[in-house]
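Novice: If you want the building blocks of each chain, they are given just below.
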Amino acid sequence: MSFRYYGSRKSGSIGWLLQRITGIFLIFAMVGHYILMHYTPEAGHSYDQSVARLSNVYWKMFYLTFITLGLWHGLNGVWSILRDFKMKHWVAVTLYGVIIVSGIAFWVLGVTTALKF
Amino acid sequence: MKLKKTNEGYFKLVASYRKEVGGWAWIIHRISGIALTAYLYVHIYALSTLTKGKEAFDAEMALFQTPIFKLLEWILFAFVLAHTLNGIRIVLVDFGKGAYYHKKAFAYLTAIGVIAFLVMGYFIFSKEINYLFAGLI
Numbered sequence: 001m002s003f004r005y006y007g008s009r010k011s012g013s014i015g016w017l018l019q020r021i022t023g024i025f026l027i028f029a030m031v032g033h034y035i036l037m038h039y040t041p042e043a044g045h046s047y048d049q050s051v052a053r054l055s056n057v058y059w060k061m062f063y064l065t066f067i068t069l070g071l072w073h074g075l076n077g078v079w080s081i082l083r084d085f086k087m088k089h090w091v092a093v094t095l096y097g098v099i100i101v102s103g104i105a106f107w108v109l110g111v112t113t114a115l116k117f
Numbered sequence: 001m002k003l004k005k006t007n008e009g010y011f012k013l014v015a016s017y018r019k020e021v022g023g024w025a026w027i028i029h030r031i032s033g034i035a036l037t038a039y040l041y042v043h044i045y046a047l048s049t050l051t052k053g054k055e056a057f058d059a060e061m062a063l064f065q066t067p068i069f070k071l072l073e074w075i076l077f078a079f080v081l082a083h084t085l086n087g088i089r090i091v092l093v094d095f096g097k098g099a100y101y102h103k104k105a106f107a108y109l110t111a112i113g114v115i116a117f118l119v120m121g122y123f124i125f126s127k128e129i130n131y132l133f134a135g136l137i
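Chains as they are written, first to last, in the numbering used here: chain A, 1 to 117; chain B, 1 to 137.
Just so you know, the hints here were simulated from the structure itself, not pulled from any lab data. Treat the hints with care, since some could be wrong.
Said to hold, decoys possible - Stretches of chain B that chain A covers, calculated by requiring three or more beta carbons in the stretch to come under 8 Å of a beta carbon on chain A:
#, region
1, 33-42
2, 48-56
3, 73-87
4, 106-112
Glycine included, every Cβ here is placed at the ideal spot set by N, Cα and C.
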């Protein structure tokens, strides 16, 4: 990642495409997530029900994908907003670092929670 | 390439554009996107209580069932709706022929969003609504 001339050297087209692909996945995942969590508010929120879901290998795979793609989509989005600003070099490096470090930290937190059951 | 310095700030520049629906959709998409990313961090952190056992998790879930959190959840749904529905519009513009009908799409998707928001309000507050109108029905 070249920060000084990132506008000209990297078009960001791969990020653009992946943002749309992950976005399309998240549309379907989010609809399912909301139906599950809110159609019957009492279902699905307790400890036993959550652990039962995470103990199922397919649910686990779904949640790992959801966490990964959701975080990537969100943080890539934040970075693409920041790229619109005329950032000084050190500001760009710092913000990019904050995005990467916090993203990995929360990804690890989410994944370890899902993998524990 | 050396970027030329201008005296105009980013926000001033964006605010100065005459905006049609696409411009407003762009702004709403960015604001809701930042809010949802921030919420995703909170969400992952909140659910990590699962590893602390049944009592800690169920106590937390009971907190989220209080009216103030229900209201916050409803507002969150507005952000999710705005971002999801406008995301559909963006995909149609970028991958389909959405450029020809994106204003119409914005109008229809806004209508769908308002309806979905109200329906979700009923689901979230069904207990309170039933309690309030129990005497009338």
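Novice: Look at each hint and say if it fits the structure.
Specialist: For each hint, the structure was consulted:
| no. | hint | in the structure |
| --- | --- | --- |
| 1 | 33-42 | holds (count 6) |
| 2 | 48-56 | holds (count 5) |
| 3 | 73-87 | holds (count 4) |
| 4 | 106-112 | violated (count 0) |
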